[in-house]
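S.K.: Using the hints provided, position chain B relative to the given structure of chain A.
Spelled out from the first residue to the last, the chains are:
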Amino acid sequence: MTETRIPKTQVEFQAGPESENGAGSEATAANVPPAISEVRRFLLSRGNSSLADGGFRWLMVICALSIFAIVVLIGTVLVRSSELTRAKFGFKFFFDQMWDPVNGNFGALPFIYGTLVTSLLALLIAVPLALGLAIFLTEMSPKFLRGPLAFITELLAAIPSIIYGLWAVFVLVPLMRDHVNPILIRFFGWTTLFSGDNLGLGFLTSGVILAVMILPIISSLTREVMTAVPHSQREAVLALGATRWEMIRVGVLRNARIGIVGSIILGLGRAFGETMAVTMVIGNTPEIHKSLLATGNTMASVIANEFSEAADDLHLSALIEIGLALFIVTIIINAIARLLVWAVTSGAPARVN
Amino acid sequence: MASGLAILATILVILPLVAIFVYLIYMGASSLNLAFFTQIPKPVGVSGGGMANAIVGSAIILALSSILGVPIGISGGIFLAEFGRGTKLANAIRFTADVLNGVPSIVMGIAVYALVVKPQGHFSAFAGGVALGIMMIPTITRTTEEMLLMVPHAIREAALGLGVPNWRSVLSITLKTASPGIITGCMLAFARVAGETAPLIFTVLGNSFWSTNINQPIAALPLQIYVFAISPYDDWHRLAWAGALVLIILIVLAVSLVRYVTSRGVMKGAS
Numbered sequence: 001m002t003e004t005r006i007p008k009t010q011v012e013f014q015a016g017p018e019s020e021n022g023a024g025s026e027a028t029a030a031n032v033p034p035a036i037s038e039v040r041r042f043l044l045s046r047g048n049s050s051l052a053d054g055g056f057r058w059l060m061v062i063c064a065l066s067i068f069a070i071v072v073l074i075g076t077v078l079v080r081s082s083e084l085t086r087a088k089f090g091f092k093f094f095f096d097q098m099w100d101p102v103n104g105n106f107g108a109l110p111f112i113y114g115t116l117v118t119s120l121l122a123l124l125i126a127v128p129l130a131l132g133l134a135i136f137l138t139e140m141s142p143k144f145l146r147g148p149l150a151f152i153t154e155l156l157a158a159i160p161s162i163i164y165g166l167w168a169v170f171v172l173v174p175l176m177r178d179h180v181n182p183i184l185i186r187f188f189g190w191t192t193l194f195s196g197d198n199l200g201l202g203f204l205t206s207g208v209i210l211a212v213m214i215l216p217i218i219s220s221l222t223r224e225v226m227t228a229v230p231h232s233q234r235e236a237v238l239a240l241g242a243t244r245w246e247m248i249r250v251g252v253l254r255n256a257r258i259g260i261v262g263s264i265i266l267g268l269g270r271a272f273g274e275t276m277a278v279t280m281v282i283g284n285t286p287e288i289h290k291s292l293l294a295t296g297n298t299m300a301s302v303i304a305n306e307f308s309e310a311a312d313d314l315h316l317s318a319l320i321e322i323g324l325a326l327f328i329v330t331i332i333i334n335a336i337a338r339l340l341v342w343a344v345t346s347g348a349p350a351r352v353n
Numbered sequence: 001m002a003s004g005l006a007i008l009a010t011i012l013v014i015l016p017l018v019a020i021f022v023y024l025i026y027m028g029a030s031s032l033n034l035a036f037f038t039q040i041p042k043p044v045g046v047s048g049g050g051m052a053n054a055i056v057g058s059a060i061i062l063a064l065s066s067i068l069g070v071p072i073g074i075s076g077g078i079f080l081a082e083f084g085r086g087t088k089l090a091n092a093i094r095f096t097a098d099v100l101n102g103v104p105s106i107v108m109g110i111a112v113y114a115l116v117v118k119p120q121g122h123f124s125a126f127a128g129g130v131a132l133g134i135m136m137i138p139t140i141t142r143t144t145e146e147m148l149l150m151v152p153h154a155i156r157e158a159a160l161g162l163g164v165p166n167w168r169s170v171l172s173i174t175l176k177t178a179s180p181g182i183i184t185g186c187m188l189a190f191a192r193v194a195g196e197t198a199p200l201i202f203t204v205l206g207n208s209f210w211s212t213n214i215n216q217p218i219a220a221l222p223l224q225i226y227v228f229a230i231s232p233y234d235d236w237h238r239l240a241w242a243g244a245l246v247l248i249i250l251i252v253l254a255v256s257l258v259r260y261v262t263s264r265g266v267m268k269g270a271s
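Quick mapping for you: the protein sequence lines, in order, are chains A and B. Taking our numbering, the leading residue of the first sequence gets 1, the next gets one more, and so forth. Taking our numbering, the leading residue of the second sequence gets 1, the next gets one more, and so forth.
Pulled out of the complex, with its shape left as it was, chain A reads as follows:
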């Protein structure tokens, strides 16, 4: 439908000057010739050629295609630079718990475990809060609060990872160590999920800071999806005698559920890739522990930590392979999430956050 519009514009543009020329020269002959011809000369001197148009168009196409090129380039570079470990360890790399740079043994399992545990913890904490915030903002907040609250969530999204990390190191870690963890150990110690040394660092603290960081993206996308639900749905449910909460549950949440799942998956993608804040509070030990209070490491933070110190090529290649895995996983996650969100907002350009 729109494809037909483009040629039409071109036809208009080609026809435009000619018809104007024709009309213009007739008018000039009758009235004031010099002024009009000057306008024409001015316009013509501005480069009225199909060559310039074609060139401009191609330049724009090339710049737009560069986005494909970037993705392909990153992919190939990562694949080529991780050749060494892929040849030596193969797929076993992802299932081996041994990470021993000194003896040249590399397995990424502890980092995959760390990434999964911290991200899932973050989702567990962030999803209810983000949903609550989105419901509050779209369905019940008074008008004057809506703007400031949306602004605050935007700000939360704009705070750099490093500042979250700084805050986590000096405020969250002592808080968890002295106040939260002792309570968890006392009441839930029997699950063995909260046992061992209480350092304040570790999976749980990382999960909490990650939750704060992925909250804004989940809640703003959820809000977007919920506003996309047509008003007639809400009115229909209310007309059937539903309370406000039933209306939100049946009329809004159920209609928006695909998009909400999409935004949660997008949040998961963010959590997978978050580096600095997690690096600063997770403790950086390549070990697998059942206890959430234990220290560990994630895929992103092991790269941040060891990359600039990696002495030999094998170590470097192992880290790059972890990066490659992260790249592929986040691309897949983001693609799925975007498709789900688009399915609800029906292809309208999603807001860039």
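For the record, the hints were derived by calculation from the structure and aren't laboratory data. Incorrect hints may have been included.
As the list claims (entries may be wrong) - Chain A side only, calculated, beta carbon under 10 Å to chain B, not exhaustive:
| hint | residue |
| --- | --- |
| 1 | A239 |
| 2 | A242 |
| 3 | L319 |
To be verified - Over 12 Å on every C-beta distance to chain B, these chain A residues come out as not near it, computed from the model:
| hint | residue |
| --- | --- |
| 4 | I62 |
| 5 | C63 |
| 6 | F94 |
| 7 | N103 |
| 8 | G107 |
| 9 | S141 |
| 10 | A158 |
| 11 | A168 |
| 12 | D178 |
| 13 | W190 |
| 14 | R244 |
| 15 | I288 |
| 16 | K290 |
Note that CB positions come from ideal geometry on N, CA and C, so glycine has one too.
M.R.: Relative to the frame of chain A, chain B by itself:
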């Protein structure tokens, strides 16, 4: 009950933000002084010193990244909004841009390391600029497209009807009409990469001395905050807080400006 829960969730979301800001201002303001902006870091044990080199380094890296990211990003947006509207190619590019937006910054860092640093044989400000520039492209492309879509057709048609060539009409009419929105979009992308640390660790490496050479390792504000924060010295911690405060002030200013411009409806006249 349910509304109580929603309100509770809202409060719980605002709480960390307030906590972070209060703490930043409290810790940062007490360590922020003139020396912070004029001196380079002192060695361990000597009190005082500042992050002048890191601020200048960040400015250089960000300038490099903008040179790379802004023109390509805006051109990509022009293609999506003006030439490719509704085509399969445009949809694919839009989708890829969104996906690229979600790729972790640390992966960009490794890729640029393998692409620029390793062949060159040394860390450099240039490599950092490339990494951040690549990260700016998808964001700017998408915001530019959105802003251009808001420009009404009548304006384009008026320009074409006057005999202005298409490229000229796009550049001086459509783009100009949408320029406030596009500029704020660029600032948002700028603010986003200004705080990025992960891709800088192994592209610019950091530097404790003055350097403005784009072919050499250079200091950067977020990187310096990271190095100081994980160090065991109190003096350095104070500098890290001050640096964080400066960074967050810049970012809050950018975000508020964006919000002000978009809510004031600069685009209102156009749409």
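S.K.: Each hint should be assessed against the structure and marked as holding or not.
M.R.: Cross-check of the supplied hints:
1. A239: 20 Å, violated
2. A242: 12 Å, violated
3. L319: 7 Å, holds
4. I62: At about 8 Å from chain B, I62/A fails to clear the 12 Å cut-off, so the statement is violated.
5. C63: 3 Å, violated
6. F94: Answer for F94/A: holds, closest chain B Cβ roughly 17 Å.
7. N103: Holds: least Cβ distance 24 Å, greater than 12 Å.
8. G107: With a cut-off of 12 Å, G107/A remains clear of chain B, as the shortest Cβ separation is near 19 Å.
9. S141: 8 Å, violated
10. A158: 5 Å, violated
11. A168: 10 Å, violated
12. D178: Holds, because the least Cβ-Cβ distance between D178/A and chain B comes to about 16 Å, which exceeds 12 Å.
13. W190: Check passes; 27 Å lies beyond 12 Å.
14. R244: R244/A is in fact no farther than 12 Å from some Cβ atom of chain B, at 8 Å.
15. I288: 22 Å, holds
16. K290: 27 Å, holds
Violated hints, in rising order: 1, 2, 4, 5, 9, 10, 11 and 14; the structure is consistent with all others.
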